[in-house]
Structure formats: C-alpha cells, structure tokens
Amino acid sequence: MTDTTEDRTAVRVEDFLPQPPAAVWHALTTPELLAQWLMPNDFAPVVGHRFHFRTEPIPAARFSGVIACEVLELREPDLLVISWADEGEGNDMDTTVAFRLEAHDGGTRLTILQAGYRPDHPGDQMARTIMGGGWGGRILARLKETVGGAR
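Residue 1 is where the sequence shown starts when you use UniProt numbering, and the numbers rise one by one after that.
Mixed in with the good hints there might be a few duds.
Stated by the list, open to error - Quick list of simulated restraints, FRET-style, between CB atoms:
hint: 1; residue 1: G90; residue 2: G148; range: 30 to 40 angstroms
hint: 2; residue 1: H52; residue 2: D105; range: 12 to 22 angstroms
hint: 3; residue 1: D7; residue 2: R109; range: 33 to 43 angstroms
hint: 4; residue 1: G149; residue 2: D94; range: 31 to 41 angstroms
hint: 5; residue 1: P59; residue 2: D94; range: 13 to 23 angstroms
hint: 6; residue 1: G149; residue 2: E76; range: 33 to 43 angstroms
hint: 7; residue 1: E14; residue 2: E73; range: 14 to 24 angstroms
hint: 8; residue 1: E56; residue 2: A103; range: 15 to 25 angstroms
hint: 9; residue 1: E145; residue 2: P45; range: 17 to 27 angstroms
hint: 10; residue 1: R50; residue 2: G106; range: 31 to 41 angstroms
hint: 11; residue 1: D105; residue 2: R50; range: 22 to 32 angstroms
hint: 12; residue 1: P59; residue 2: A103; range: 25 to 35 angstroms
hint: 13; residue 1: R142; residue 2: D42; range: 16 to 26 angstroms
Bear in mind the hints are in silico, worked out from the structure with no lab data behind them.
Given the structure is predicted, the values throughout are model-derived calculations rather than measurements.
Quick reminder that beta carbons are idealized off the backbone N, C-alpha and C, glycines included.
Please take these sequences and the hints and turn them into a complete structure.
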C-alpha cells in the first residue's frame, strides 16, 4: 500500500513478500538483482559507498536520468538507507530512501520510505507524485518478481 496523501515530505510503501528477509535483502543489496528491479547501478553494500542509478531522463520533470546515492546505513538483514539526489544541474531534490525488512508470518514485511521532499517545492512534489506511483506500482512488482526468482 502506498501512502502519499498524509505527508507531503515522504512516500511510504508497505507490502508483504512471502520470502524470508534474507532473500529480500539479497535482492536489495546485490547489484545485478538491484538492476533487475530498479535500475542499472554501481552499488556496493558498504556504508559510505557512493554510487549511481541510471535510467532514461525525463526533461519535462527536470530529471537527468542519473541518481547520485550514498549508502548511509546498512544493518543486515533489516535496514538499508541510501541518499537519493538527481545529479543534474536543474534539479536540487535531495531525499533518502530507507528499506526496512521485518520477518512476518514466514515472509517479510517490507517498508520503503523515501523522505525529504520539500512540501512547498513544485519540483519535489512532482517527484513525490511520480515516485509514489513508482514505488507502490511497477517497482515493487518487479522487486517481488526478482525476489521470487533470485538464486
């Protein structure tokens, strides 16, 4: 379930995956699997590691297609926090994304929280709307497919 209505500073998505936290963690922290469900990247599961996600730019939304990130917190297998900022000059959005995993009913309760959107900034609010649909829609669906097929 995606909640973008209550808090204009964040996007929160919660869902259940039938696999154990270790399997979900593997999909979150293995660069090749991360690329399958999110974007191509040069991620490494090390606090302080700076990396990039790359995808198609969206000029109308002032999105460069390159997201500059840093691993801020890593607590296997239940918490990954990264910074998330557009690397382009025309977009100064700067957020964090936290992935929280909790063992639940033989599977995993996953919470994704992207926070730090400025409530009165039109660009941030456009991005929050786009990411709210993305995290709770196709991105989460691809994560579930990846976890279900990961080895």
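Structure-based check of each hint:
{"no.": "1", "hint": "G90 to G148: 30 to 40 angstroms", "result": "holds, 38 angstroms"}
{"no.": "2", "hint": "H52 to D105: 12 to 22 angstroms", "result": "violated, 36 angstroms"}
{"no.": "3", "hint": "D7 to R109: 33 to 43 angstroms", "result": "violated, 20 angstroms"}
{"no.": "4", "hint": "G149 to D94: 31 to 41 angstroms", "result": "holds, 34 angstroms"}
{"no.": "5", "hint": "P59 to D94: 13 to 23 angstroms", "result": "holds, 20 angstroms"}
{"no.": "6", "hint": "G149 to E76: 33 to 43 angstroms", "result": "violated, 21 angstroms"}
{"no.": "7", "hint": "E14 to E73: 14 to 24 angstroms", "result": "holds, 19 angstroms"}
{"no.": "8", "hint": "E56 to A103: 15 to 25 angstroms", "result": "violated, 36 angstroms"}
{"no.": "9", "hint": "E145 to P45: 17 to 27 angstroms", "result": "holds, 21 angstroms"}
{"no.": "10", "hint": "R50 to G106: 31 to 41 angstroms", "result": "holds, 36 angstroms"}
{"no.": "11", "hint": "D105 to R50: 22 to 32 angstroms", "result": "violated, 37 angstroms"}
{"no.": "12", "hint": "P59 to A103: 25 to 35 angstroms", "result": "violated, 43 angstroms"}
{"no.": "13", "hint": "R142 to D42: 16 to 26 angstroms", "result": "holds, 19 angstroms"}
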